[in-house]
Amino acid sequence: MPQTQDVVELILQDHRRMEDLFRLMRSVEADRAAALQEFAGLLVAHALAEEAKVYPALKRYKNIDDEEVEHGEHEHDEGNEALLALLEVEEVGSEEWDSKLEDLVEAVTHHADEEERTILNGARENVAMDRREELGAAFLEERERQLKADCGSIDNVRRIVAS
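Going by my numbering, the first residue of the sequence shown is number 1, and it counts up by one from there.
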């Protein structure tokens with residue numbers, strides 16, 4: 001269980017875990033398929049929890065740019081599309097796998113960097129800690145609910161991308 005309930009810190013922790021999983025998915029010595037499965041669940045649960053519990057609340061703060069929040073949602077869609085493309089590759093470690101993995105890394109890294117600079121810094125500066133902790137608890141609860149529902153399965157990712 002995370003040490004903090006601050007939604008900003010929780011989101012940052014997920015971003016760092018995703019970076020760790022990228023390293024594992026690139027390593028010929030790691031269980032790349034297992035790393036991808038963990039990553040798929042985390043990415044989807046993280047994005048759905050942000051969109052359900054965090055982004056709508058942050059849009060209410062005048063110093064947090066609504067367009068940045070909406071752009072974040074659009075980038076979640078791009079990440080899901082790149083994730084699906086990698087999940088559909090049949091041979092882990094093939095040239096196609098490596099290419100699709102790099103597309104995924106690029107989409108997710110770009111989003112995380114932008115989100116950290118705009119939305120999360122805005123939340124740090126404009127949202128009181130007690131409210132950030134309330135949002136963190138809601139984020140964690142929704143993320144866990146999604147993970148328990150196997151949100152990172154290829155069938156679910158297909159459904160999300162198609163909608």
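Simulated from the structure, these hints should not be mistaken for laboratory data.
Hints are not guaranteed to be accurate.
Unchecked claim - Straight-line alpha carbon distances no greater than 30 angstroms define the calculated DSS-like cross-link-like pairs of lysine-lysine that follow:
| no. | residue 1 | residue 2 |
| --- | --- | --- |
| 1 | Lys62 | Lys148 |
| 2 | Lys59 | Lys148 |
| 3 | Lys148 | Lys100 |
To be verified - Simulated restraints, written as ranges between beta carbons of each label pair:
| no. | residue 1 | residue 2 | range |
| --- | --- | --- | --- |
| 4 | Val92 | Arg17 | 14 to 22 angstroms |
| 5 | Glu114 | Ser27 | 25 to 33 angstroms |
| 6 | Ser27 | Arg117 | 23 to 31 angstroms |
| 7 | Gly93 | Asn63 | 31 to 39 angstroms |
| 8 | Glu29 | Asp155 | 26 to 34 angstroms |
Every residue gets a Cβ at the ideal spot worked out from N, C-alpha and C, and that includes glycine.
Results for each hint:
| no. | hint | result |
| --- | --- | --- |
| 1 | Lys62 with Lys148 | violated, 35 angstroms |
| 2 | Lys59 with Lys148 | holds, 28 angstroms |
| 3 | Lys148 with Lys100 | holds, 26 angstroms |
| 4 | Val92 with Arg17: 14 to 22 angstroms | holds, 20 angstroms |
| 5 | Glu114 with Ser27: 25 to 33 angstroms | holds, 27 angstroms |
| 6 | Ser27 with Arg117: 23 to 31 angstroms | holds, 28 angstroms |
| 7 | Gly93 with Asn63: 31 to 39 angstroms | violated, 46 angstroms |
| 8 | Glu29 with Asp155: 26 to 34 angstroms | holds, 30 angstroms |
In the structure shown, a violation is registered for the earlier hints numbered 1 and 7, in ascending order.
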